[in-house]
Amino acid sequence: QQQVKQSPQSLIVQKGGIPIINCAYENTAFDYFPWYQQFPGKGPALLIAIRPDVSEKKEGRFTISFNKSAKQFSLHIMDSQPGDSATYFCAASSGFQKLVFGTGTRLLVSP
Amino acid sequence: DTAVSQTPKYLVTQMGNDKSIKCEQNLGHDTMYWYKQDSKKFLKIMFSYNNKELIINETVPNRFSPKSPDKAHLNLHINSLELGDSAVYFCASSQMGGENGYTFGSGTRLTVV
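Chain order of the listed sequences is X and H.
Each residue of the first sequence is one higher than the last, beginning at 1041 in the numbering used here.
Each residue of the second sequence is one higher than the last, beginning at 1100 in the numbering used here.
The hints are simulated quantities; they were obtained by calculation from the structure and are not laboratory data.
All values derive from a computational prediction rather than experimental measurement.
Backbone N, C-alpha and C define an ideal beta-carbon position, used for all residues, glycine too.
Take the hints with a grain of salt, since some may be wrong.
Unchecked claim - Partial pick of chain H residues on the chain X-facing surface, computed with a CB cut under 8 Å:
| # | residue |
| --- | --- |
| 1 | 1109 |
| 2 | 1138 |
| 3 | 1140 |
| 4 | 1185 |
Claimed, not checked - List time: in silico DSSO-like cross-link candidates among lysine-lysine, alpha-carbon distance up to 27 Å:
| # | chain 1 | residue 1 | chain 2 | residue 2 |
| --- | --- | --- | --- | --- |
| 5 | H | 1108 | X | 1082 |
| 6 | X | 1138 | X | 1045 |
| 7 | X | 1045 | H | 1121 |
To be verified - Which bits of chain H does chain X cover? Going by a derived footprint, with three or more residues having C-beta under 8 Å, they are:
| # | region |
| --- | --- |
| 8 | 1142–1154 |
| 9 | 1204–1212 |
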């Protein structure tokens, strides 16, 4: 049972483009929604996170949009760079415990 | 360097063997986790310890046994290894109730042959 559904599975954009990765959840008890970035051979690293009391959060070129009624949230990467090429995971938890991860999106930003 | 460090980075072993993976964090976090990442990159939680107490134990074969000697260490012992155990195992830590997220180690790639 996949508690957090993530799409697309893979994504190719040109440098400067705005990749968008989407996630949907079912458990209304979830109250913490982070995004993680993983480079090959490394562990996932926290990128940005949002709580359900706000609809958008921006940190640098990364923005989370959150739609509580639709139980969906998405990651936008502005002015994407080749160095952003990585696998991105959305996740969710209730009370910061037991993070449940999405299935991951492999992003390739071409020069 | 403050970090979550796990050893070994690579582990190749034969079916039926017993092996251990060690994890240490010097971030002062009170909660540690083991996650398994399969060949399709899916991350699934296995165990979680808070201040040496087991708080999450997902549906994992009892051949897997975590041990937390103190809140800075969480080791994973695997008995009678099977081919299906091949994966990357990640240790992570966090501060219970904190919004700073999990800090992951670099992973241990286990290959069972």
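Hint-by-hint comparison with the structure:
Using the Cβ-Cβ criterion of 8 Å, the hint placing residue 1109 of chain H at the interface with chain X is not satisfied: the shortest such distance is roughly 11 Å. With a least beta-carbon distance of about 12 Å to chain X, the hint placing residue 1138 of chain H at the interface is violated under the 8 Å criterion. Checking residue 1140 of chain H against chain X: minimum C-beta separation of about 5 Å stays under 8 Å; hint holds. Here the hint on residue 1185 of chain H is broken, as its CB sits about 16 Å from the closest CB of chain X, past 8 Å.
Using a Cα cut-off of 27 Å, the hinted pair residue 1108 of chain H and residue 1082 of chain X holds, with the two alpha carbons roughly 10 Å apart. The suggested pairing of residue 1138 of chain X with residue 1045 of chain X holds, with an alpha-carbon distance near 16 Å, which does not exceed 27 Å. At roughly 31 Å between alpha-carbon atoms, residue 1045 of chain X and residue 1121 of chain H are farther apart than 27 Å, so this suggested pair is violated. A count of 5 residues in the region 1142–1154 of chain H with a Cβ less than 8 Å from any Cβ of chain X is obtained; the coverage claim is therefore met, three being the minimum.
As drawn, the region 1204–1212 of chain H meets chain X at 3 residues by the rule of a beta-carbon pair under 8 Å; at three or more, the given contact holds.
Checked against the numbered hints listed earlier, the structure breaks hints 1, 2, 4, 7; every other hint is satisfied.
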